[in-house]
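**Student:** Spelled out from the first residue to the last, the chains are:
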Amino acid sequence: MYDVIIVGAGVIGSFVARELARYDLNVLVLEKNNDVGDETSMANSAIIHSGYDPHVGTLKAKLNVLGNKMFESVCKDLDVSFYKIGSITIAINDKQVEQLYELADNGKANGVDVKIIDKDELLAIEPFATKKAIKALLAKDAGIINPFELVSALMENAIDNGVNLHLNEKVIDIKRNDKHFVVTTDKDKYQTKVVINAAGVYSDTINNFVSDKKEEILPRRGQYFVLDHFSSPYVTHTLFSLPTDKGKGVLVSPTTSGNYLVGPSSDFIDDKEDKDTTTDVLNQVISQAYDLVDILPMKEQIREFSGIRAYHKSGDFIINEDKGFINLLGIQSPGLASSPAIALEALELVKKTLSLKEKANYNPKRREVIRLNKLTLEERNQVIEENPDYGIIVCHCEKVSLGEIKDAIRRNAGAHTIKGVKKRVRAGFGRCQGGYCQAAIASILAKELNVSLSDILYANKGSNILKGKIGDDQNA
Amino acid sequence: MLKTYELVIIGGGASGLSAAISAYEEGVKDILIIERNDSLGGVLNQCIHNGFGLEYFKEELSGPTYASRFIDKIKEYKIEYVLNSDVLELTKDKDIYFSNEKGYHHIKAKAIICSTGCYERNRGAINIDGSRPSGVMTAGTAQRYLNNYGYMVGKKAFILGSGDIGLIMARRLTLSGAKVLGVAEIMPYSNGLNRNIVQCLNDYNIPLYLSHTVKKVVGKTKLEKIILAKVDEKMQFIEGTEMEFDCDVLLLSVGLVPSNKLLEDIGCKMHPRTKGPIVNQYFETSIEGIFACGNNLHVHDLVDYVTLEASDTGKFAAKYIKENLDRNFDVEVANGNLIGYVVPAKLKAGEGNAQVKFRVSKPVTNARLIVKNNDKVLKSLRKDYLLPSLMEIVKLDLKDIEKGELKLEVELND
Numbered sequence: 034m035y036d037v038i039i040v041g042a043g044v045i046g047s048f049v050a051r052e053l054a055r056y057d058l059n060v061l062v063l064e065k066n067n068d069v070g071d072e073t074s075m076a077n078s079a080i081i082h083s084g085y086d087p088h089v090g091t092l093k094a095k096l097n098v099l100g101n102k103m104f105e106s107v108c109k110d111l112d113v114s115f116y117k118i119g120s121i122t123i124a125i126n127d128k129q130v131e132q133l134y135e136l137a138d139n140g141k142a143n144g145v146d147v148k149i150i151d152k153d154e155l156l157a158i159e160p161f162a163t164k165k166a167i168k169a170l171l172a173k174d175a176g177i178i179n180p181f182e183l184v185s186a187l188m189e190n191a192i193d194n195g196v197n198l199h200l201n202e203k204v205i206d207i208k209r210n211d212k213h214f215v216v217t218t219d220k221d222k223y224q225t226k227v228v229i230n231a232a233g234v235y236s237d238t239i240n241n242f243v244s245d246k247k248e249e250i251l252p253r254r255g256q257y258f259v260l261d262h263f264s265s266p267y268v269t270h271t272l273f274s275l276p277t278d279k280g281k282g283v284l285v286s287p288t289t290s291g292n293y294l295v296g297p298s299s300d301f302i303d304d305k306e307d308k309d310t311t312t313d314v315l316n317q318v319i320s321q322a323y324d325l326v327d328i329l330p331m332k333e334q335i336r337e338f339s340g341i342r343a344y345h346k347s348g349d350f351i352i353n354e355d356k357g358f359i360n361l362l363g364i365q366s367p368g369l370a371s372s373p374a375i376a377l378e379a380l381e382l383v384k385k386t387l388s389l390k391e392k393a394n395y396n397p398k399r400r401e402v403i404r405l406n407k408l409t410l411e412e413r414n415q416v417i418e419e420n421p422d423y424g425i426i427v428c429h430c431e432k433v434s435l436g437e438i439k440d441a442i443r444r445n446a447g448a449h450t451i452k453g454v455k456k457r458v459r460a461g462f463g464r465c466q467g468g469y470c471q472a473a474i475a476s477i478l479a480k481e482l483n484v485s486l487s488d489i490l491y492a493n494k495g496s497n498i499l500k501g502k503i504g505d506d507q508n509a
Numbered sequence: 426m427l428k429t430y431e432l433v434i435i436g437g438g439a440s441g442l443s444a445a446i447s448a449y450e451e452g453v454k455d456i457l458i459i460e461r462n463d464s465l466g467g468v469l470n471q472c473i474h475n476g477f478g479l480e481y482f483k484e485e486l487s488g489p490t491y492a493s494r495f496i497d498k499i500k501e502y503k504i505e506y507v508l509n510s511d512v513l514e515l516t517k518d519k520d521i522y523f524s525n526e527k528g529y530h531h532i533k534a535k536a537i538i539c540s541t542g543c544y545e546r547n548r549g550a551i552n553i554d555g556s557r558p559s560g561v562m563t564a565g566t567a568q569r570y571l572n573n574y575g576y577m578v579g580k581k582a583f584i585l586g587s588g589d590i591g592l593i594m595a596r597r598l599t600l601s602g603a604k605v606l607g608v609a610e611i612m613p614y615s616n617g618l619n620r621n622i623v624q625c626l627n628d629y630n631i632p633l634y635l636s637h638t639v640k641k642v643v644g645k646t647k648l649e650k651i652i653l654a655k656v657d658e659k660m661q662f663i664e665g666t667e668m669e670f671d672c673d674v675l676l677l678s679v680g681l682v683p684s685n686k687l688l689e690d691i692g693c694k695m696h697p698r699t700k701g702p703i704v705n706q707y708f709e710t711s712i713e714g715i716f717a718c719g720n721n722l723h724v725h726d727l728v729d730y731v732t733l734e735a736s737d738t739g740k741f742a743a744k745y746i747k748e749n750l751d752r753n754f755d756v757e758v759a760n761g762n763l764i765g766y767v768v769p770a771k772l773k774a775g776e777g778n779a780q781v782k783f784r785v786s787k788p789v790t791n792a793r794l795i796v797k798n799n800d801k802v803l804k805s806l807r808k809d810y811l812l813p814s815l816m817e818i819v820k821l822d823l824k825d826i827e828k829g830e831l832k833l834e835v836e837l838n839d
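For the record, the sequence lines run as chains E and V.
Take the position in the first sequence, starting the count at 1, then add 33; the result is the number in this note's numbering.
Take the position in the second sequence, starting the count at 1, then add 425; the result is the number in this note's numbering.
If you're looking for bench data, these hints aren't it; they were derived computationally from the structure.
Any given hint might turn out to be false.
Calculated pairs, DSBU-like style, for lysine-lysine (alpha carbon to alpha carbon, straight line, at most 35 Å) [as the list claims (entries may be wrong)]:
1. E:494 - V:650
2. V:517 - E:432
3. E:220 - V:581
Treat the numbers as computed from the prediction; the structure is a model and nothing was measured.
Model the full assembly from the supplied sequences, consistent with the hints where possible.
**Tutor:** Next up, the structure:
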């Protein structure tokens with residue numbers, strides 16, 4: 034019997050897992066994909082919003098503001114890249130200026146430090162902002178994060194502290210009886226006292242197994258561009274265009290890895306699995322981005338991707354508990370920014386069913402990551418002397434070493450696919466998109482995992498990058 | 426204790442090898458080649474097909490054999506080189522920072538030659554609609570898997586791009602037991618060498634779909650099929666021309682992009698068309714003492730011409746090191762009608778010979794290549810055809826040139 038089963042190892046499930054790892058509990062996380070954080074958590078704007086946007090009085094407003102404040106400390110403990118660069122929302126016409134003032138009022142009511150600035154001040158702090166700007170809203174507490182690092186670090190720390198993780202295991206039914214739940218997956222059946230639904234876009238399916246109050250999550254797709262590193266300066270804040278009823282609007286933002294994100298769109302789609310990118314929508318994204326900047330180096334585009342938002346018609350988070358079944362449902366923007374606070378809410382709801390005893394030996398910190406590009410020459414040489422693998426560069430575009438790749442594979446909740454390595458240490462993330470280094474990364478994975486090259490997956494099962502040795506099928 | 430070399434060459438592929446040999450033969454003995462792979466030779470090491478050396482050696486060699494001719498010379502001259510070593514940073518003062526298992530090293534050089542080659546343009550840069558499953562890769566990556574590792578990348582392949590690499594891979598995949606369903610090319614003409622069209626497609630009955638490109642990639646986890654469609658002159662899809670191909674691998678051969686991050690990061694002036702640095706007659710970039718040659722300067726079609734260009738560059742770098750280089754350039758080289766780009770950008774009128782290399786911006790037949798010097802026609806060469814996929818070289822006697830402007834243009838005969 035488990036104490037808690039968490040369905041979904043995205044950012045929400047992983048934050049909850051780490052939170053529960055503080056206590057003497059048997060916790061199991063079930064993730065249908067072949068890696069943690071492989072759905073919405075890896076395809077988003079990577080912004081820790083300040084909290085001025087959600088309407089006063091909503092759960093989103095409360096948890097966004099609380100969550101934002103928690104990130105600095107969490108990221109310090111988990112050694113996750115997080116930079117509070119501030120966000121600027123730009124108004125380019127009178128109607129938008131009105132909206133800006135409404136947002137400022139809403140933000141102040143939420144307790145967020147926001148300030149309306151005029152064009153001169155805007156261009157002084159952000160020279161790449163569009164000259165069409167009339168006024169702008171500066172939120173200095175907004176930040177950017179590496180969402181891939183965050184999820185894998187959370188789960189690594191949770192596992193370090195005793196949480197169990199099953200990948201490639203999909204929940205196909207949950208039944209409640211007097212004392213506990215029976216969770217059926219495509220591989221096994223488990224008994225648990227508490228179920229926590231952190232299943233993102235499919236949190237309605239999980240809810241509807243158990244609850245009489247049926248929920249519906251509608252998929253809303255967002256498409257983005259990723260731009261390469263530039264050799265000269267560009268935007269230094271996250272720039273937002275004004276929220277519309279479709280969502281937060283487009284952004285142009287630096288990322289923690291020195292790239293730039295442009296997007297997202299807001300596509301109403303029918304199929305929750307439809308992660309296609311489409312040229313016509315992406316072209317619209319570009320034209321919207323010109324409301325934010327006058328110069329947009331789209332020639333530096335190195336990738337497009339899309340993510341699916343878990344939209345609930347209430348427009349708010351649905352967080353509730355019913356005799357041990359805890360919903361963390363409809364977590365779309367500002368879900369990432371709210372995630373640490375959502376985990377605390379979940380904790381309080383767990384306490385309704387379970388009495389919690391703190392572990393004596395809980396360690397909130399994960400082992401530090403060696404980041405070569407942040408070291409001085411002497412420090413770098415020291416690291417290489419102690420482990421020569423840190424001197425061998427494998428991904429030349431992003432300058433990632435063999436040592437960093439091996440470390441990413443060997444940690445708990447570590448990488449075991451090409452995409453897993455890419456997410457954790459950026460190898461294959463750069464301008465050649467793994468064209469040069471994928472073969473080397475596959476070899477490293479094969480050696481570490483003690484399998485053949487044919488067994489190496491790009492991501493999920495069935496995505497083998499190679500199809501056997503030449504001549505394998507000739508001898509039949 | 427900062428070690429200063431006379432010449433540091435970044436990249437030990439075809440270009441770097443020739444530059445090193447040539448500089449050595451001009452009397453520069455203190456050379457270091459920094460190569461990031463585990464052997465010298467660069468991309469030649471994965472090109473097991475023939476066709477290299479027809480111009481330079483008058484022989485038909487495979488890639489590794491061609492490379493070995495130069496590697497043998499490097500060893501004979503005992504020119505120093507390091508492998509598995511990646512240059513991470515340069516400065517305008519010619520500091521070089523490189524990393525390998527022995528450490529993160531800081532050295533200096535009197536002259537640097539950047540022979541860093543290219544990377545392949547890939548899906549991320551060209552917006553193909555659809556999902557992002559496994560099974561979509563660049564042709565060069567597939568070539569590495571097949572030739573260096575001995576693995577199949579798929580059983581049923583489709584290739585986008587009739588560039589040479591794509592054509593070569595069409596044949597290679599077929600010979601390794603895969604079925605190649607077709608090669609698509611967005612332009613109305615092929616990009617690759619004619620001999621490759623014949624020897625890689627026609628000889629294997631692989632259809633070539635001109636004016637077609639991939640409209641959509643389909644497959645949730647792994648590639649299942651592609652949707653191909655025809656495009657018009659404006660590169661817009663023509664409705665009703667969609668074709669589906671069930672395949673498990675899509676190879677992209679959609680162009681090479683010069684690798685010049687090290688130069689870009691120190692503010693080197695770059696040519697918007699070639700994506701390489703702007704160079705003068707000596708293949709010297711806008712940063713004094715830093716030279717560039719080979720594919721990272723501009724993409725070549727034949728390695729033989731890379732060798733020749735790198736040889737010249739090595740000589741000029743040697744002259745620079747001995748302070749024998751007259752750098753008072755007085756001729757600006759410009760590209761006129763139908764000329765895509767010209768290399769170099771600057772010449773010095775007076776003594777010796779120079780070569781101006783160029784590509785046309787679109788295919789022309791029955792034309793004249795005109796070389797004008799300050800509006801006076803210097804040369805008028807009849808050309809039956811000129812293709813963007815074939816780099817051309819114009820030889821000039823610098824005695825015939827006056828200071829001012831040298832302009833290349835194409836005139837169509839009617």
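**Student:** Hints the structure violates: just list their numbers, smallest first.
**Tutor:** Violated hints: none; all satisfied.
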